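Chemist: So you can see what is in the structure, the chains are spelled out below.
There are 2 protein chains.
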Amino acid sequence: MAAADWGGKADHLAGERATAQFDVDGMKVAWAGSRHAVEVADRMACLVASDPVFRKDTRTMLSRKELFKDTLKKAAHAWKRTVELHLTEEEANLLRLYIDQPGYVDLHWVMFVPAIKGQGTEEQQKKWLTMAYKFQIIGTYAQTELGHGSNVQGLETTATFDPSTDEFIMHSPTLTSSKWWPGGLGKTSTHAVVYARLITEGKDYGIHGFIMQLRSLDDHSPLPGITIGDIGGKFGSGAYNSMDNGVMRLDHVRIPRDQMLMRLAQVTREGKYVHSDVPKQLLYGTMVYVRQTIVADASRALSRAVCIAVRYGAIRKQFGSKAGGPETQVLNYKTQQSRLFPFLASAYAFRFVGQWLKWLYTDVTQKLESKDFSTLPEAHACTAGLKSVTTSATADAIEECQKLCGGHGYLNSSGLPELFAVNLPACTYEGDNVVLLLQVARFLMKTVSQVASGKQPVGTTAYMGNIQHLMQCKSVVNTVEDWLNPAAIKEVFEARALRMAVNCAQNISKAPSQEEVSPSFPQI
Amino acid sequence: MAAADWGGKADHLAGERATAQFDVDGMKVAWAGSRHAVEVADRMACLVASDPVFRKDTRTMLSRKELFKDTLKKAAHAWKRTVELHLTEEEANLLRLYIDQPGYVDLHWVMFVPAIKGQGTEEQQKKWLTMAYKFQIIGTYAQTELGHGSNVQGLETTATFDPSTDEFIMHSPTLTSSKWWPGGLGKTSTHAVVYARLITEGKDYGIHGFIMQLRSLDDHSPLPGITIGDIGGKFGSGAYNSMDNGVMRLDHVRIPRDQMLMRLAQVTREGKYVHSDVPKQLLYGTMVYVRQTIVADASRALSRAVCIAVRYGAIRKQFGSKAGGPETQVLNYKTQQSRLFPFLASAYAFRFVGQWLKWLYTDVTQKLESKDFSTLPEAHACTAGLKSVTTSATADAIEECQKLCGGHGYLNSSGLPELFAVNLPACTYEGDNVVLLLQVARFLMKTVSQVASGKQPVGTTAYMGNIQHLMQCKSVVNTVEDWLNPAAIKEVFEARALRMAVNCAQNISKAPSQEEVSPSFPQI
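Protein chains in written order, with our numbering: chain A, 1 to 524; chain B, 1 to 524.
Misleading hints may appear alongside valid ones.
What the hints assert, rightly or not - Selected chain A positions facing chain B (Cβ under 7 angstroms, derived; list incomplete):
no.: 1; residue: Gly149
no.: 2; residue: Phe235
no.: 3; residue: Leu411
no.: 4; residue: Gln468
no.: 5; residue: Gln472
no.: 6; residue: Ser475
Read the hints as simulated data drawn from the structure, not as lab findings.
If you're wondering where the values come from, they're calculated on a predicted model, not measured in any experiment.
Heads up, the beta-carbon is just placed ideally off N, CA and C, and yes, glycines get one too.
Please model the complete structure; the sequences and the hints are all you need to start from.
Modeler: Right, dumping it as structure tokens:
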């Protein structure tokens, strides 16, 4: 049997690629955002692909312990390369992205550092970020507890001020108050921003952030009064099993008063609780930032899954041979196309909406800094809605891509099982998608009522100001070609969205009690 | 801190259980099928739960190799217990079910043995099943190839008869003809039913089954000309990674002529291909059997996932506390109920339809044996449709149950990740769900056209005979209470199903070509 007969060398995709009817290079630039972005991305991708330490092909073969060690090795090597090559922040972020293995560094850069930036005083930022930027300390973000996720206001960990020693006593009063899930907590982190109920002068002032050292910088053992562990295996063969999500219980652990993050409020030496003149809305800037990165992650995951499924569809042939001829590429079946092509379109849509969200974050930040809070509720609803829609659609699409690759989609070697296992939890973390959609619904209901009383809606809801026209207009579409007119499509979406919102608002006004329908979520 | 404060001992479900408004014991019997079935199931469940060899709690912590060894150990121990306790076939099946770890024994009992039963002559059955029943040989079912899954008629492995030695030459002529996926093939099986194109006297007679010995019974090494391997990691932490799905290539391997399964057709000593008087429709009996077990598996998996999510919802409290009182059980939120309760209803529905499918299999088998094939197409469509609907709904529901348990649903300790990873592939194996639904659609279109020409439809499609009434009737429902009338509900479903089928048939008759819409699937 000649090697050629086994088909190992043939390029089965060249024919497909040759028939592209668009400017491939131009699309690359549009996708990346700029010619510069294409160049940097390619360079970082090559850096990962050419370095044996970053190899990924054995990842799903490793035991949990080996996988975790592999993650530590990669993180250390990435940091070494970042320093050696003097990578910019943009380059370093892309390097982490292409290494593509969840680990403690994600929490350090995406949660710990931004939390201190957003909630720490200038003095605190100088002290802690200096160490964090050099990786002299490794930080995580300890908010979620065993008993409380979505309901942040229900967290039970306490931070009780003791004026006799000028310290906070950090404590886990119940089993359910154990910190649970923080990535990097189980084994790696030396520090954390810990969220707890601030109690001073006998009064509970609600949830605040505190910087805590968790482990010795000498021998990495947990400090006295702190019990930490890994919470065990998670969904998927590799996926988040590379991350040491952890549990932590605190037994009256004392920290200096100046480790409370004090940008928005502080406790004085005497124990008085004092608000600063910095508005608390600033906190929402961080939330917009984190959700924006999640939308970007979703669009990236979806595009990878669709790429795998499209290529498989081009190579896989099944049924439809006539008189012994070749079978039909499954990509040519309408049943395959009708399932796959909407995902392909969504991958582009999510990419571009992700780029827009980056702009929104910059815009919100600038407005917050000049104390303009007028667009915040709309921006918050926007990021909540887009986080929910893109992560749910992406998880569903990756699962469907597995099915579209037949049995082969369930093999780890297809890449799809890990992509799915890494991205499904995004439907839950950083705001459960169902809870977030209810928040969006609540915002829309409020906007409808404001429009009714003559207030002009802003941002993505500005179209609702056109209520007179939209409630009664008829679509200008008469022929198939009319659907190619973007203005016509936009008007149809606006009219449909507004009519559904108005209709829903009318139904709710008739309902006996809103409390029965959904929990009372915190609102901006 | 007193132990009681940590809440470790409280029975949080007792209150919920006390409010059940139905006869729990009666429901147990209805679920199991009989009082006897409850008793046997309980006994086998206890046998597994009380035996340390069958422990499951460490399963997702094991490396692939350890997990595979653990599976071998459990299978051997189960066999030992089956022999020691003189378990009946019913009891032994339940024992395997409660051990709940995919392994080579599943293929041996569910595919290898039934294939020989269905396609082997009496002589062949006597020879091979005697050994199989004693586990002197371990069998698998080698049908799927790297290049062909759904399109069984496109399999490329050849079985060429050589009259000079009275043997078949089994061969893999291409890379894509490699056998790919058979469970138990990678490491364990000593024998297989291998499907290949039968070629004799220069003519290709299509796909037939052959019994092949794969490995030495002395040292378990693959026999000459046979290359076997494991196809690698699969979706999930544990899940199907306990199974040695395999790849096999055959290089002109010779087997005696009498290892062709000859119940339906045979090759004579001279190489003549001769049909027996046994009708080929008998093969479909096996298909009905296998799909019936898949529906039963789906209903079991769904009920387990729903059980976990319902209990979680009863224990988990979040939001809604008033003036510092306890929070609301998430099970009491309508947003949780509207997602969860339909799965609870489906779990019961799938259980009862699974019991009905068992009856259908018995009925089909009896009819086939008396050469009555009249109900076969309807029974085939029924099992294809129910396999597809129940496995898709179950996989989606388990995934949703993960989300309904918040972050905790992604922890292996919740049980849901493995349940999901084991059951999602059921959407693809033994007939891709989309392909199967297209077969059902084709059957329905044929039935509509037969009804139009006056032929009386049978079985589950008998209602379509009532076309005159159903196409124009109006629902008798006027009040909410009317929906409690089963006859009213049934008529609504019948009218809706028939009208959709007729409408679809009319649309298809207007379409330019059916070939463009979907592949030409094999038909009964």
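Chemist: Less than 7 angstroms between beta-carbons is the criterion; does serine 475 of chain A satisfy it with respect to chain B?
Modeler: 24 angstroms, violated
Chemist: The hint names glutamine 472 of chain A as touching chain B; please verify it with the least Cβ-Cβ distance against 7 angstroms.
Modeler: 32 angstroms, violated
Chemist: So, as I understand it, the hint says phenylalanine 235 of chain A touches chain B; can you test that by seeing if any CB pair is closer than 7 angstroms?
Modeler: 4 angstroms, holds
Chemist: Is the hint on leucine 411 of chain A kept, meaning its closest Cβ partner in chain B is under 7 angstroms away?
Modeler: Given a least distance of 6 angstroms, the restraint on leucine 411 of chain A holds.
Chemist: Identify whether the interface hint at glutamine 468 of chain A stands, where standing means a beta carbon of chain B within less than 7 angstroms of its own.
Modeler: 33 angstroms, violated
Chemist: Could you check if glycine 149 of chain A really has its C-beta closer than 7 angstroms to a C-beta on chain B?
Modeler: 5 angstroms, holds
Consistency note: the structure conflicts with the earlier hints numbered 4, 5 and 6.
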